[in-house]
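With the hints as your guide, set chains B, C and D with the ligands onto chain A.
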Amino acid sequence: MPELTFLQAISRGLWEEMEADKSVFLMGEDIGRYGGAFKVTEGFLDRFGPERVLETPLAEEGFVGAAIGAAYVGLRPVVEFQFIDFIACAFDPIVNFACTSRYRWGQAVPVTFRGPWGGATKAGPFHSRNVEMWFAHAPGIKVVAPSTPSDAKGLIKACIRDNDPCLFLEHKALYRRIKEEVPDHSPPIPIGKARIVREGSGLTMVTYGLMVHRCLEALGQLQDLSVELIDLRTIYPLDRGALVESVKKTSKIMVVHEDTRTGGVAGEIAAIVNEEAFEDLDGPVIRVTSPDTPVPSAPSLEEAFLPSVRDIVDAARKLAAY
Amino acid sequence: MPELTFLQAISRGLWEEMEADKSVFLMGEDIGRYGGAFKVTEGFLDRFGPERVLETPLAEEGFVGAAIGAAYVGLRPVVEFQFIDFIACAFDPIVNFACTSRYRWGQAVPVTFRGPWGGATKAGPFHSRNVEMWFAHAPGIKVVAPSTPSDAKGLIKACIRDNDPCLFLEHKALYRRIKEEVPDHSPPIPIGKARIVREGSGLTMVTYGLMVHRCLEALGQLQDLSVELIDLRTIYPLDRGALVESVKKTSKIMVVHEDTRTGGVAGEIAAIVNEEAFEDLDGPVIRVTSPDTPVPSAPSLEEAFLPSVRDIVDAARKLAAY
Amino acid sequence: MKANPATEAPPRAIQLEMYYYLRLTRALDERAQILYRQGKIIGGLFSSLGQEAISIGSAFALEKGDYVGPMIRNSGTVLARGHSAREVMSNYLGKATSPTGGKDNSQHFGDIGRTGVVSCISMLGTLVPVMAGMALGARMKGEKRVALTYVGDGAASTGDFYEGLVFASVQRLPLVVIIENNQYAYSTPTSKQSLLKDLADKSKAFGIPGYVGDGNDVLEVHSITRKCADDAREGRGPQLIEFKTLRMRGHAVHDDASYVPAELFEEWKKKDPIARFERKLRLSREEKESLEGRLKSTVDDAVDFAETSPVPPGEEACRGVFEDDRIVQFTPWWKKDA
Amino acid sequence: MKANPATEAPPRAIQLEMYYYLRLTRALDERAQILYRQGKIIGGLFSSLGQEAISIGSAFALEKGDYVGPMIRNSGTVLARGHSAREVMSNYLGKATSPTGGKDNSQHFGDIGRTGVVSCISMLGTLVPVMAGMALGARMKGEKRVALTYVGDGAASTGDFYEGLVFASVQRLPLVVIIENNQYAYSTPTSKQSLLKDLADKSKAFGIPGYVGDGNDVLEVHSITRKCADDAREGRGPQLIEFKTLRMRGHAVHDDASYVPAELFEEWKKKDPIARFERKLRLSREEKESLEGRLKSTVDDAVDFAETSPVPPGEEACRGVFEDDRIVQFTPWWKKDA
Ligand SMILES: Cc1ncc(C[n+]2csc(CCOP(=O)(O)OP(=O)(O)O)c2C)c(N)n1
Ligand SMILES: Cc1ncc(C[n+]2csc(CCOP(=O)(O)OP(=O)(O)O)c2C)c(N)n1
Ligand SMILES: [Mg+2]
Ligand SMILES: [Mg+2]
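Protein chains in written order, with our numbering: chain A, 1 to 322; chain B, 1001 to 1322; chain C, 2001 to 2338; chain D, 3001 to 3338.
Just so you know, the hints here were simulated from the structure itself, not pulled from any lab data.
You may find that some hints are simply not true.
Here are the simulated distance ranges between beta carbons [stated by the list, open to error]:
#1 A/177 with D/3329: 49 to 57 Å
#2 B/1047 with D/3141: 47 to 55 Å
#3 B/1241 with A/201: 35 to 43 Å
#4 A/46 with D/3264: 21 to 29 Å
Beta carbons: idealized from backbone N, C-alpha and C, even for Gly.
Bound-form chain A, shown alone:
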């Protein structure tokens, strides 16, 4: 069984889907001979040719619109943003065109948008943005954010096979940092299902993306507590069932995310837990998030901005002692 990095797993997932289904093709800047800014599609051009590894001009609104049109006629475009931050340039066609077609006139839009996402890479305000909630709040698109190679491979496949628009977020701080054995031709992993990373009974810790790994680090310092760690994996639709079930068991929940505080998914989870497990709560829902600022560039600033292992440990202890 091959051992794959996070990046290789995504690459393999794309490759296997393209092998399996002629209607799947890639669009984006520099994804051909160059293999993409992070080399996710390295080697694809030679294997699949320039039609299915389609290099675009520097025009996000143009090629996103084109992807929607191609999806209209039955293809399954997978659009790479060189950095996910640039999805802001194509916000309109995604939220207004792709997200509303099925609802308005029954026209499916099987398109996948993907790209390097998130911070902790000293990349500054325009190459580190957490875009997930803009789209979780735009009805009509699914938002997926894996944290392990096997999840990444299984979920990119699910997104490509999904008959609705999907946004697949690839944490670039994980691209080359983590490895895992992932079988060839592994099956898709269902969208909308969270993963219990570690079972526990004392408190529930919910997170996703890079923060899954920071939370695991924190658990090393929380051996004395029985923490249930949940990786959301999908931001929209949220796995309400998994969250509620865990809280009913632990009666305490904290949410950790790299995304900025106001309007982040932690608030949504706080509301869900209130709605469906209020009686079980023995403490407030705690949020450990970034502040409401752009992502600063210098390491000393970015580390102050991001939730730290220390923050996670402190919050967990406070909640446990509550």
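Showing chains B, C and D with the ligands alone in chain A's frame:
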């Protein structure tokens, strides 16, 4: 004291600010001779001339960028979107250019974005959108959404005088529906302060925009309950103090909004109340919102989509009885 | 450049059909105006009065199987490409029987499989890249389809129009974009959108052909569009056409267009595309009678169908966002046994 | 169109300054390359090697008080418009003493009041409408300022570039847009951005003048830009210039540019703008010595300043989003007495 509609109050606010400060000017489509799609700027061209009532080509990214540039050199542009939905077309320059300038290099951007907003007008998916949370989740811009003529006039003035970007949302279902006496040359109303519409001790009902009026209607059927009704008025920054204080008094809180559920401000409020008043809560935070769909056009569908007076009453009774 | 019509006019039988669709478009528009005043139309009503030749001439220039993306003033295109008058009317009235089941309004509907018509969205210019993508998709599937869409003189100012043609030009896609220059974008004259005398010159930014034509001459519209569609189909890449016309009503019903000089209306009234085509066609008595009859029955039936159709049931509001409706359907606990 | 330089070359004293800034730009770039390999540069490093003449020639063509919006390869412009080498270096290193205090990186900084320089953002094309707005604002204030900005051959494909010029052209704003055509957008050759031989022809979409110039001839860059700035200042509206050059390194340090044909590099090496200008200038021994001394001390001082400056303190991360910092500063209860 003149009695003004919601629309007239906004218009007066703009007029008085333009009279008072030469650096204030308007940009937008059809705002000159035609006076704007909803006639908010009717008569402005004759009084202030084409330079300060600047009609733009049909290019939102272009004129939003231009407004940012004008603000860079000390002017105070007020940009009208013909319908606020079209702000999606200028999402990138707002969240990336306007919202980050002060943080990145200390350059202020005193610009106000405004436009007709919200549903209940049978206007369909592209003329009814609730855009507030996209921007509440984009650090660097304030989001204001008044529900009365006097608040509208005071808050548009505050936005124009504010030295940071502001998004001013004008519920178009209120434009001509409500009237109020508003003094000439009334002072600005501070951004970030909620308004207690009605005092109460039994439960807190939080809302904003058009839903303030639906909640008032609901209160008519809830005479037997002591409901404290709070109009947020500002979505970002939220008036945490007012919310927490009220919950400490009532120990129960429900949030009503026209915006779709997932990622709506109700979740944020649920989290805030958990963080700062968990001990005081005698019941779950309740959300009465629209579902996660585009805004349907037909009245029968739109009414099913929007929170109804009936929904508000039912939710309030359930919470009161909790 | 001026196009010298490369294709000869269609046979009389086809011309009679074109005439019928011109008349049908206008007749439905007139009925819709009345229904609007009766408060029965959901959303705005955007008239194509005086511009019908652009929709009809271009729609007839396409082959079966071609794709077309109409804007809100192109109900003529929608009809000529195979959507029924019933569909048009019921969508105006937001009925359960309409193509969108009342979820969207106006000319916002389509059916790619049946008619090749794509539903526009309100954000202007956005159809250009989308239609480019449909042309791309068809080519990838080895089909020789052409995609055609329309932008107004206002929408031609959008970045979407530009990026769509940037993409289409480097990909040499079979895309025809028609700029329907009706001299106004809402109340804004074209002089406030561009310094160009001919918006067709925007083609020079992409290195693609650009043509200017008389938008009130249905046969000229047909021949220029036909030539462009043929060229696009033969692999000569995207084509840009500007048809000049005048919007003969306000932007929408509520707008009295007082900002349009009366003389301009006068001048263009004389160029009415239907009257002009009539003079050319010289219909026989028989032709006229059968046509009027067909027209009346079609319009009456459409209006009747739309008016008598049921409104959509509220539950529908929560259906159809995703393939799986359960994602959106959600009943809060306080509503459950309420 | 080809511009016949309307303005004669600047006096030798100025030319010596231009030469100095060309050299300074390149010297700082070379030092930055080393610092990058030492892991000291925050964010990417985008070299202007071989393109310096465009930044310097255009920067010197502007008047004091004009506005300029440089992109990431225009450190030459930033320097020539009055930012110090210390500012450039300390921003690369993300230090507390840098113009952004470490909040942003690369060439992303400016100071409108002091230098008229605007900080770009990474989203390409977005500076065009913003600079148009600055030109508009200056005009409203009765000032005769010109605004100038740059886009690459790739950025010229963006809707922002288009909408910015649509707006500027109908407003007849004093805006000069330079397309810095270095033949590649990252790994993408210009042929995949446009069918045009000369990107300057994009000017025809707006009805504004377009010029093509040799981007490796600093005096030609200066004279064409000067003419355009003068015309813009005199109310002739926006001007578009394409300067042809070649990016002599990869897109950024990590990119070996193996996709660029070796012959192309060879060919353009011969056209090196600094070598060419040197041959023209024939510096005297004295001139050379004083210049080399000034250069070395400036660069050493800048690097030393940047390296020895402190990193920004963490608390700064929560400052400066709004005028009132309290809006953002927030300590959750679990952190309070932690
Ligand atoms: C991106 C965008 N901005 C603004 C609007 C609001 N709007 C609707 S129609 C219209 C005028 C359109 O003019 P034009 O493109 O010439 O088309 P016409 O109405 O003349 O057919 C405007 C500004 C819109 N629909 N989309
Ligand atoms: C809107 C947008 N899309 C994508 C990118 C990613 N990106 C950064 S530089 C670059 C290439 C730019 O090429 P060009 O405009 O020619 O400028 P050059 O690097 O050659 O100076 C790309 C695609 C971006 N910065 N902005
Ligand atoms: Mg028009
Ligand atoms: Mg380039």
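Taking the hints in turn, this is what the structure says about them:
1. Our hint of 49 to 57 Å for residue 177 of chain A and residue 3329 of chain D is violated, since their Cβ atoms are close to 32 Å apart.
2. At roughly 20 Å, the beta carbons of residue 1047 of chain B and residue 3141 of chain D sit outside the given window of 47 to 55 Å.
3. At roughly 36 Å, the beta-carbon separation of residue 1241 of chain B and residue 201 of chain A lies within the given 35 to 43 Å, and the hint holds.
4. The hint said 21 to 29 Å for the Cβ distance between residue 46 of chain A and residue 3264 of chain D, and at roughly 23 Å that hint holds.
In this structure, the earlier hints numbered 1 and 2 are contradicted, and the remaining ones agree with it.
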